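Turn these sequences into a full structure, and let the hints steer you where they fit.
Take a look at the letters that make up each chain.
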Amino acid sequence: MRLLKSGLRALFLRLEQVCEKFFGPALNPWVHLGSLGWFLFWIVTVTGIYVYVFFDTGVTQAYASLEYLSREQWYLGGIMRSLHRYASDAMVVIVMLHLLREFAMDRMRGNRWFPWVTGVPLLWFLYACGITGYWLVWDRLAQYVAIATTEWLDSIGIFAEPIARNFLDSSHLAGRFFTLMTYIHIAVPLIMLLFMWVHIQRHAHARVNPPRTLGLAVLGTLVALALVVPAMSQAPADLDRAPFEVGFDWFYLTVYPLLDIVSGRTLWVALVGGSVFLTLLPWLPPLRKAPPAVVHLDNCNGCGRCFADCPFGAITMVGRTDGAEFDQEARVDADMCMSCGICVGACPTATPFRRASALLPGIELPADPIAALRDRVVAATAPLQGNDRVVVFRCAHAGNLDTLADPSVAVVPMPCVAMLPPSFIDLVISRKHADGVLLAGCAEEDCFERLGNRWIDERIANQRDPHLRDRVDRERVAVSWASPVQQHRTREALAQFRQHLRAVASTVHPGRTGVAWRARLSQLAAPLRVVGAAAVLGAVALLIGWFATQPAYAYLHHDQALLKLSFSHAAQPLKPCRHYTPRELAQLPFNQRRATTCERGRWPVYLQLDLDGRTIHRATHQPAGLWDDGPSTVYASFRVPAGQHRLDVRLRDSGRATGFDYASSTTVSLTPGQNFVIDFRGAEGGFQFGRAPAHGPATHEVPP
Amino acid sequence: MSLLEWRDEFRIGIAEVDHEHQVLIGLINDLHAALGADRSGENIEEFLGEIFARISAHFALEEKDMQARHYPDFGPHKADHEHLLDDIRDIMDEHIERGILDDAAFADRLATWFAAHFKTRDARLHTYLQTRR
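Protein sequence lines correspond, in order, to chains A and B. Everything in the first sequence is counted per the working numbering, starting at 1 for the first residue and increasing by one. Everything in the second sequence is counted per the working numbering, starting at 1001 for the first residue and increasing by one.
Because the hints were derived from the structure by calculation, they are not lab data. A hint or two may mislead.
Unchecked claim - Okay, the calculated beta carbon distance ranges per label pair:
| id | chain 1 | residue 1 | chain 2 | residue 2 | range |
| --- | --- | --- | --- | --- | --- |
| 1 | A | Val53 | B | Gln1130 | 54 to 62 Å |
| 2 | B | Gln1067 | A | Ala356 | 43 to 51 Å |
| 3 | A | Glu325 | B | Arg1132 | 20 to 28 Å |
| 4 | B | Arg1069 | A | Leu271 | 24 to 32 Å |
Since the structure is predicted, the reported quantities are computational estimates derived from the model, not experimental observations. Don't be surprised by glycine CBs; every beta carbon is placed ideally from N, CA and C.
See the structure below:
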């Protein structure tokens, strides 16, 4: 697990570094996967509403209404439809990358389990949305999806009457089913939205919108894809013919081809088991972390700054418990605290100017007390020499920067640099412990503790309290945001910063507010960046466009036909009905008196099908119902070579030990792709072969 | 002699803020008294640091309360707070650089600031809170 994680992490970090060259750190899609997921959800919602306006829920109308959109109204309806499909496919890609990335970066362990665990049902909802969506088109793919899905659902064995019988042949299909599917296709995304909301509940300042530029770029790319490769229907569905090959959406239907290899039940077990395993991942193995933050009430007046800054919603402001005349106090929920220390950096009493012996802030990490941090800073900076002395505060996730230390550079590690109260910077500069302060944290927009570098930037820029006092010369305060594979950047930034410090050594810039000093790092020329970013988005779009239909999935070989044996038949009762005796009748209450009485319970149906003298189906089908008095239902499907076949089918529905109650034989000539149904109707004399018309579109419909 | 004295007219009408104003004045006086005869530089430095921290925390609370009550004059009021904190930081630095702390001057500066602040900023906040009820 650890190996897999570190391998994935290395891969992601490299890919992100490449993308960052083009997109820049703030717009790097890799750090916006979650919010891009939201953005795509809204695209799918809006386009879905548009398509729904024109969609007809009828067996033939559904297909025709979408054909109208794609062909007559290609300039708007067609684009909307394509966007609906491609944004949904993109959502699968984004969600999977999001999942893998949070796993690789280890951002789902311990107290961060909540978004991870609530994300697992989201996966199921996402797939349910996609699968029901393809169903509604009612083309050959929809036909395949409908039959494969219902057969797969039937394998669970909880439905008395197989749902797949709805799609047995064209005479079985009702328009009502489309109305139902439409409602499911609308309801599931709504429930999904609810879960998406739950998914982000434990994240303070959750990002649900990508940066505007990135969002527009993604939308633009999808529109371009919609124009280049419009989403089209395949040939209309025809339940009397089985599709040979269907253009396949590999994003949503990924597992379907497995049904050719394993049984439906096995696949259910694998998927449910996989989901359970995913759900347990945050605790495999349990995270060992520093103890959670603690509140020292003597130093807390309830100002709420830690509450405002906690990235994990672990702090709540509650009524005072110590009798002090304040309204509120901070309380840490140990089950949500990640021990990042960002709250300490926000606490106004966490200032190093205080009496060292009693330097107890309102909130702090027991493993990293602020008094010890003060001592560490003083001790580490004491031996520094020169006029370019720098103290580097580095976060635990920025990689090992201790090698930066030299006679002029001290490195002070901490869980997250946002744990550093701004007054520490004031102390270092004003007391001349060093000539400059460099804060080295995670990559921009990608803080391991979510909001660390954002809060630091805002605190230094005087946009967020506690802010760095204006009196502190910003020329002497630098930041370097870099991922673990970008440590050369921090080195470069440090070298440039020291050069800068030597240059400003003699000058003073009092009362200057503004942002922290940043190194000038080499970057690609602007046109090159735009072209590169467009190429990355375009490549992803083409992949999506390709795998949305290609490679085709072969359902039947070109010389095969489909043989289906399916019916519902109530077998003989275990005991025949009998007349009540006059004596029995007299004992019954008058309202319950009737001529005959029947005990509940039926015989099972024993069924055997021979194809050219070889038995291909032999089974005992139990009656349905709690009292075993319902009909026995049969649903079996066989891929057989086209051509002439002899069919012998026999059935026993009584208590006889040998022999059969019904038997029928016929010779059929199956054309390739034919869907041939063997039905059974006891009242009409027994077996019926190929009741359905051999060709022609499905027309049977129940009027609404 | 105490450095500062609490007066009832300083009351603004937010219980916890009024309470902390008094605590703060008491604390400043206590610290000052504890400083007593031990006028070693380190002691004075820590005394100033403690005052700086307490006043910072107090302003943080008062600013939260003002924002929660949508106080329209928040900006200038906060600016006044920052002004005092800058002042205290100046005094701290002066003390470090020159090694002196003129008690009387420090008390005077604090008292002047508080008096002015109470009379203008806090009085205005007080009026706002009264009319809002």
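Hint by hint, here is what the structure shows:
For Val53 (chain A) paired with Gln1130 (chain B), a C-beta distance near 56 Å keeps the hint of 54 to 62 Å intact. One distance hint, 43 to 51 Å for the beta-carbon pair Gln1067 (chain B) and Ala356 (chain A), is violated here, with the actual separation near 33 Å. At about 22 Å, the CB distance of Glu325 (chain A) to Arg1132 (chain B) agrees with the hint of 20 to 28 Å. Checked against the hint of 24 to 32 Å, the C-beta distance between Arg1069 (chain B) and Leu271 (chain A) comes to roughly 54 Å, which is inconsistent with it.
Of the hints listed earlier, those the structure fails to meet are numbers 2 and 4, in rising order.
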